[in-house]
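Colleague: These are the residues of each chain, in order.
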Amino acid sequence: MSAVTMVQAVARTLDEEMARDPRVVVMGEDVGKRGGVFLATEKLFDKYGPDRVIDTPLAEAAIVGAALGMAVHGLRPVAEIQFADYVYPGFDQLVSQVAKLRYRSGGQFTAPMVVRMPAGGGVKGGHHHSQSPEAHFAHTAGLKVVFPSTPKDTQGLLRAAIRDDDPVVFLEPKRLYRAVKEELDDDPDFALPIGKAAERRRGDDVVLVSYGGSMAETLRAADALVEQGISPHVIDLRSLAPWDEEAVLSAVARVGRVVLVSEAPHTASFMSEVSATIAEEVLDALLAPPARVTGPDTPYPYAQDREYLPGPNRILRAVQRVLDY
Amino acid sequence: MSAVTMVQAVARTLDEEMARDPRVVVMGEDVGKRGGVFLATEKLFDKYGPDRVIDTPLAEAAIVGAALGMAVHGLRPVAEIQFADYVYPGFDQLVSQVAKLRYRSGGQFTAPMVVRMPAGGGVKGGHHHSQSPEAHFAHTAGLKVVFPSTPKDTQGLLRAAIRDDDPVVFLEPKRLYRAVKEELDDDPDFALPIGKAAERRRGDDVVLVSYGGSMAETLRAADALVEQGISPHVIDLRSLAPWDEEAVLSAVARVGRVVLVSEAPHTASFMSEVSATIAEEVLDALLAPPARVTGPDTPYPYAQDREYLPGPNRILRAVQRVLDY
Amino acid sequence: MIRESQLFEPFTEEPISVMNEAGEWVGGFDLDLEPETLTRFYRDMLRARVVDERLGRLQRQGKVSFVAPGGGHEAAQVGIAHAMRAREDWLYPYYRDIGLLLALGLPLVEIVGQSLGTSADPAKARQMPYHPGSGEFNVFTVASPIASHVPPAAGTAISQKLAGSGEVTVCTFGDGATSEGDWHAGVNFAGAQGAPAVFVCENNGYAISVGMRHQTGSDSIHVKAHAYGMPGYFVDGMDVLASYYVMREAIARARDGFGPSLVELVVYRYGGHSSADDDSRYRPRAEVEQWKRRDPLTRFRRFLEKRELWDDEREAATLQELGDEFTAAVKQAEEAGVPPVASMFDDVFADLPARLRKQRAELLGEG
Amino acid sequence: MIRESQLFEPFTEEPISVMNEAGEWVGGFDLDLEPETLTRFYRDMLRARVVDERLGRLQRQGKVSFVAPGGGHEAAQVGIAHAMRAREDWLYPYYRDIGLLLALGLPLVEIVGQSLGTSADPAKARQMPYHPGSGEFNVFTVASPIASHVPPAAGTAISQKLAGSGEVTVCTFGDGATSEGDWHAGVNFAGAQGAPAVFVCENNGYAISVGMRHQTGSDSIHVKAHAYGMPGYFVDGMDVLASYYVMREAIARARDGFGPSLVELVVYRYGGHSSADDDSRYRPRAEVEQWKRRDPLTRFRRFLEKRELWDDEREAATLQELGDEFTAAVKQAEEAGVPPVASMFDDVFADLPARLRKQRAELLGEG
Ligand SMILES: Cc1ncc(C[n+]2csc(CCOP(=O)(O)OP(=O)(O)O)c2C)c(N)n1
Ligand SMILES: Cc1ncc(C[n+]2csc(CCOP(=O)(O)OP(=O)(O)O)c2C)c(N)n1
Ligand SMILES: [Mg+2]
Ligand SMILES: [Mg+2]
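Protein chains in written order, with the working numbering: chain A, 1 to 325; chain B, 326 to 650; chain C, 651 to 1017; chain D, 1018 to 1384.
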């Protein structure tokens, strides 16, 4: 297999899973002939037709809610929200219905479905095409949350999500959609466990934890650190619910210094949870306070599209503070 | 003035502000003749009529969104969401429109409005009448978030919220609506600053931080500690955005031990932020890891309505762990 | 896309009725129901009323924390239930539909157990009273957020269409529900897909205290069908036969591939909105009394009596039977016991993640 | 609640048109517009097209990051604008309405500055291109989430009613927008309140690639007005005069206290959905060509030429003028410079909370 981009990995995994399992259907705005505005569903319409690649009305509540009703009836829907910023009209369906169905029905009904959504900034999309809403999902009991950063992780985790018996919110870092190419796995059952982080680099001086779009800047910062003779340990969380506490805590316990990088707004974000958990679980191992490098608590701006993101410079400054402590 | 309950404090403050400022209008489901399902708007309809006490259709998007359109046009709407659990159909309006209007219009339009909602559990209401969604709001740039626990704080903060030039989400702990009575302030301009915590008890052995409904259990736990000869320092945050970092950090820096109590689900909650901030800002003063006592990451159950809440026993066990560390 | 051989016109000026207040058949077509079916309808209405009253009594005794009275909705609900194929068609009900669920066949002990919060509830007492559901009967578990079940209902209907299963999805709700965005999104999607769904409004004129006039600018609910390109039927929901026949036709229409419809059943709620409500604050007593004079049970009893299918004796015997049945169900439901505290951690996911295992230990004091 | 002396019927079978393709008046009532007004309409349509083309060019040059072409919508937009009282009535527009905003009087330099992302944008370059607004003109700043401006528009109209201000709120959107729950919630609230709002759909038949048939079960948008008890007008939106007159009537109706209405202006979008779109994936070229033959500018120019109000010379001179105006606006907007990085922390709240002050310092490396 040739190397593909992340968005191609999405399309290919969808194709493979649809070919394997007739219960898998794809739905969303413009997922049909248009192939999705990012082409994440390209060619699926031609191959599987309108019954399995469903162009929906412009209504995220209908998309998320109807996916639930299909899942309950035996299908395995993969719904696309065109931009994560547009999940809010479907938020009630997601948090009030999808997340709780297994629980409130005592297991009589379940919601094996995936809600995919491109998220994050850096594409000059202005506020409503740039947000990172993962904290809302991670805070919602009953949802699994995945946020990969590479084509192959996307393949393995999207497959796992489709085969999962519970609802999975699948966030895709849109500014990395075409950033790199990678070989996918040929094994038609290749899947990565939801909840398992990846170690991107092993090191001893500082732990860098990130996920999704911010992995790119985090890895750039790590390269710069290596050049400076500093040895970073880099963790890509990949899943946020459940998240790999073990991987983070053991690394921090060993290294004693940690910088958490995410472009989502700072307050009550997912990295707040990681920071709090570190303090609560491995306090005595800490040689410096955990540091967060995040998006500020402003709406996502347009003119400062790049500056909003935690770039390598801000990450390096935080590492320096942690090392100097 | 005679002592009143918290829900009466809401009704009285609304009345006083409506009498003072003709721009103040109240709107929501059943706020008219019915006086609100909790009677938080009792008698207002008779006094101010249907133009200022507006029974809305059953549509939270319409309530929140129309309140915004009124605010933009010069009114000062106080919208009621019947239960915080029902804010989600209006969530898009709140996070995509209300929170961002000042920002995205460069200050050309503003949203001086309040969205009130009874929140929290312990009333045998089952999942959809028990949730504590404050983390979603605290994570949303552009919203102020208030969550008082006493009648007088309710008076002072609701007045401040109504007079604020920015949107305020005003959460009311419904299980405390009629729990205690307190004298209100007679000064028609009595207001409490949003963002300022209250010290409920001064102590030296452990800091307890809470807000909203969980204040009741926290204070009961504090009483029990005093009986055991332990001296708790108790902080009622009252506001979550902005929150009083100064009050928390200075107390924790002094005491070295802290337990954070909130019934909201654990992961990526508001208390995650408080815990993370403590670790990041006053690490060296910590004699034990910060501890959180929260609602578990399950949907809010019915049969275990009481057990879900962080009660005095769980708080005391956490204090013990922190003291024994 | 209108089927032939239909009995009823959509968008009528007046609600469709086939039986007048005196209990006379005015349907204008041949009644094709067996006597046993007719008495079954009546018995189910009576049962709904008995269960409603008895649950109310349990609430006042403090045994049940909440009720949402269904008195006045019985004809509508029984009509809907009998037009469906139980266990085959899907139902997305709302909280006031206890009578509908019973008529569909859900075991009384499950309903009572759900409201008592015991393990007789197949959903493990996870939700407040009046929120039942049944995997066995394809009855989607009731959720409190109004209209939030409408998009899922659309999804199930679309799935039925894709599967060519010949099943139909019935989705019920109140008048207030039609104002929610989720209602619109769901009904519209079903309309765009021509899915086999029947959306049914039990229009009792109020959403808690808010009357229709404040709810919407339209005079009725069925006209909203225009927005979705589907027929809207305006029906006297105090007439069990009209409710049944119109539902039967709408369901047949959906089953035969002619797409969804919207049925408005005009009813009245005799009681308060719920046990937490005081409806005298907003509803004139005279209005309530006037509707009570149009009681659906009385009207249908007259109809049966004219056909000598019912009399005082049968009434008394049936009431006795239904009362005993309820008493036995309460006993059985109570004996099932309440679910253990630890069970609140089950069913969040198929498995129990590490974080929840830890939280369970902490909460149970095992940490 | 229908006013007397109205020119147009709601819910017509065919779109209302007052001018045929040949540019002949077929209105059936007396045209009451001055020659200057008529030429003004045409000039505004031409201006919309020139600005559209020039912004598209800037996008291809990489100076503007995004455009949402308005070609084909000019007649509808100019008709709407001129039916309003600028600066007095309120407008809740959507992203495709650049031509409407210009015709309403918003300064070109602000629009261009907004799309270039410079300080010529009164909103400080906070949003992506095609998201203008104006406090001065009561034009609510465009937000991307489709239909999210509809409930706020309803609120402003309700506020206008409460104030008895005699103002009206006009709210525009595309066909796709009508599927959103927020659209329904907002329109329904305005209907229930009888608020002075006019909801206007610029129906170009597509929401990006999704055609009307997948969007909704109804054949048209105006029929959705039935759901809200308001009149729905079906209008040829390629006819500037029909657009203007129907809007004028709907606005007068609202202003006089007779409540809201829904106006559907049937248009076509000549270009892709946006600069990020490739519409050949889903629209047959023949369809595009066919609609282009019905071009609103050509039709109205024929109308004016018949009255000797326009000719080649005026056309050329006007195009020159409009081109120069645009060039000057770009220059002025560019000279305004881009807002400083630190300004991204302003306007979150009226004041700058401590947390944001700290974050600003950290981000700027001053921490
Ligand atoms: C989203 C949401 N908002 C508000 C409520 C509170 N609430 C419960 S029932 C009800 C009224 C429902 O009225 P209607 O749909 O007419 O049904 P009815 O009770 O009259 O049968 C309201 C407002 C809710 N459950 N969900
Ligand atoms: C809530 C939301 N969902 C999805 C989108 C992505 N999106 C932008 S424009 C558009 C189509 C809008 O179509 P229509 O309302 O017909 O307006 P038109 O562009 O045709 O003028 C979509 C789906 C969005 N902006 N907001
Ligand atoms: Mg009702
Ligand atoms: Mg369109």
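It is possible that part of the hints are untrue.
Facing chain C, a subset of chain D residues (Cβ under 8 Å, in silico) [what the hints assert, rightly or not]:
id : residue
1  : PRO1032
2  : SER1034
3  : GLY1198
4  : ALA1202
5  : GLY1208
6  : SER1235
7  : ASP1236
8  : GLY1246
9  : ARG1377
SDA-like cross-link-like pairs, simulated, lysine to any residue; straight-line CA separation at most 20 Å [what the hints assert, rightly or not]:
id : chain 1 : residue 1 : chain 2 : residue 2
10 : B       : LYS358    : C       : ASP928
11 : B       : LYS449    : C       : VAL988
12 : D       : LYS1348   : D       : LEU1179
13 : A       : LYS33     : D       : GLN1076
14 : B       : LYS368    : C       : ARG931
15 : A       : LYS43     : A       : ARG23
16 : B       : LYS358    : C       : VAL938
17 : A       : LYS196    : C       : VAL988
18 : C       : LYS1008   : B       : LYS449
19 : A       : LYS196    : C       : VAL676
20 : A       : LYS124    : D       : LEU1075
21 : B       : LYS506    : B       : ASP530
22 : B       : LYS372    : D       : LEU1179
23 : B       : LYS368    : C       : ASP928
24 : A       : LYS124    : D       : ALA1359
25 : A       : LYS181    : A       : ARG23
26 : A       : LYS124    : D       : LEU1179
Examples of chain C residues lying across from chain B (beta carbon under 10 Å, computed) [said to hold, decoys possible]:
id : residue
27 : GLN777
28 : GLY826
29 : VAL991
Read the hints as simulated data drawn from the structure, not as lab findings.
None of these values were measured; they are calculated from a predicted model.
For glycine and all other residues, C-beta sits at the position ideal for the given N, C-alpha and C.
Colleague: Hint by hint, note whether the structure agrees.
Modeller: Results for each hint:
no. : hint                    : in the structure
1   : PRO1032                 : violated (18 Å)
2   : SER1034                 : violated (23 Å)
3   : GLY1198                 : holds (2 Å)
4   : ALA1202                 : holds (5 Å)
5   : GLY1208                 : holds (3 Å)
6   : SER1235                 : holds (4 Å)
7   : ASP1236                 : holds (6 Å)
8   : GLY1246                 : holds (3 Å)
9   : ARG1377                 : violated (35 Å)
10  : B:LYS358 <-> C:ASP928   : holds (11 Å)
11  : B:LYS449 <-> C:VAL988   : holds (14 Å)
12  : D:LYS1348 <-> D:LEU1179 : violated (44 Å)
13  : A:LYS33 <-> D:GLN1076   : violated (26 Å)
14  : B:LYS368 <-> C:ARG931   : holds (11 Å)
15  : A:LYS43 <-> A:ARG23     : holds (18 Å)
16  : B:LYS358 <-> C:VAL938   : holds (17 Å)
17  : A:LYS196 <-> C:VAL988   : violated (37 Å)
18  : C:LYS1008 <-> B:LYS449  : violated (25 Å)
19  : A:LYS196 <-> C:VAL676   : violated (68 Å)
20  : A:LYS124 <-> D:LEU1075  : holds (15 Å)
21  : B:LYS506 <-> B:ASP530   : violated (30 Å)
22  : B:LYS372 <-> D:LEU1179  : holds (16 Å)
23  : B:LYS368 <-> C:ASP928   : holds (15 Å)
24  : A:LYS124 <-> D:ALA1359  : holds (18 Å)
25  : A:LYS181 <-> A:ARG23    : violated (30 Å)
26  : A:LYS124 <-> D:LEU1179  : violated (41 Å)
27  : GLN777                  : holds (5 Å)
28  : GLY826                  : holds (4 Å)
29  : VAL991                  : holds (5 Å)
Checked against the numbered hints listed earlier, the structure breaks hints 1, 2, 9, 12, 13, 17, 18, 19, 21, 25 and 26; every other hint is satisfied.
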